[in-house]
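Using the sequences and the accompanying hints, generate a full structural model.
Numbered according to this note's numbering, the sequence shown spans residues 1 to 68.
Keep in mind that the hints were calculated from the coordinates and are not lab data. Positions of the beta carbon are idealized from the N, C-alpha and C atoms, including for glycine. It is possible that part of the hints are untrue.
The calculated lysine to any residue pairs, modelled on SDA-like cross-linking and capped at a C-alpha distance of 20 Å, are [what the hints assert, rightly or not]:
1. K56 / R40
2. K24 / L34
3. K24 / L38
4. K24 / R40
5. K37 / L12
6. K37 / Q48
7. K24 / D6
8. K24 / S39
Distance ranges between label pairs, derived from CB positions [what the hints assert, rightly or not]:
9. L59 / E32: 25 to 33 Å
10. K37 / R14: 33 to 41 Å
11. I26 / R5: 17 to 25 Å
12. R14 / E44: 25 to 33 Å
13. A33 / V61: 36 to 44 Å
14. W51 / R5: 32 to 40 Å
15. T55 / R27: 35 to 43 Å
16. Q48 / R19: 28 to 36 Å
17. T55 / D31: 36 to 44 Å
18. L59 / G16: 33 to 41 Å
19. A22 / T55: 37 to 45 Å
20. K56 / I25: 32 to 40 Å
21. K37 / L59: 33 to 41 Å
22. Q48 / L21: 39 to 47 Å
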Amino acid sequence: CDSVRDGVTGFLARNGDVRDLANKIIRVLGDEALREKLSRNCLEYARQFSWDKTTKQFLEVIRAVQGD
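This is how it looks when you write it as structure tokens:
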């Protein structure tokens with residue numbers, strides 16, 4: 001699961017493409033509504049994660065490997 005969902009929680013730039021990265025930064029800096037939308041989406045996306053949930057999932061993996 002990626003933390004950046006392209007166009008939803010941020011933008012992914014093509015690997016090694018400095019111009020693409022610069023254009024996306026300029027786009028976000030120049031569009032207040034877009035920044036607010038990405039920010040809201042980031043917060044919403046982050047709410048589905050917690051240390052409690054991660055711990056439970058990790059313990060399930062350990063139990064499955066142990067054969068419990």
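Outcome of the hint check:
1. K56 / R40: 27 Å, violated
2. K24 / L34: Within the cut-off at roughly 11 Å; holds.
3. K24 / L38: Satisfied, since the Cα-Cα distance of roughly 13 Å is no more than 20 Å.
4. K24 / R40: 18 Å, holds
5. K37 / L12: At roughly 16 Å apart (the allowed maximum being 20 Å), L12 and K37 satisfy the hint.
6. K37 / Q48: 18 Å, holds
7. K24 / D6: Roughly 11 Å separates the two Cα atoms, so the pair holds.
8. K24 / S39: 15 Å, holds
9. L59 / E32: 25 to 33 Å: 43 Å, violated
10. K37 / R14: 33 to 41 Å: 22 Å, violated
11. I26 / R5: 17 to 25 Å: 20 Å, holds
12. R14 / E44: 25 to 33 Å: 26 Å, holds
13. A33 / V61: 36 to 44 Å: 41 Å, holds
14. W51 / R5: 32 to 40 Å: 22 Å, violated
15. T55 / R27: 35 to 43 Å: 38 Å, holds
16. Q48 / R19: 28 to 36 Å: About 34 Å separates the Cβ atoms of Q48 and R19, which means 28 to 36 Å holds.
17. T55 / D31: 36 to 44 Å: Taking Cβ atoms as reference, T55 and D31 lie about 38 Å apart, which means the hint holds.
18. L59 / G16: 33 to 41 Å: Because 39 Å falls inside the window, the suggested range holds.
19. A22 / T55: 37 to 45 Å: 40 Å, holds
20. K56 / I25: 32 to 40 Å: 37 Å, holds
21. K37 / L59: 33 to 41 Å: 36 Å, holds
22. Q48 / L21: 39 to 47 Å: Violated, since Q48 and L21 (Cβ atoms, about 27 Å apart) do not stay within the stated range.
Of the numbered hints stated above, those contradicted by the structure are hints 1, 9, 10, 14 and 22, listed in ascending order.
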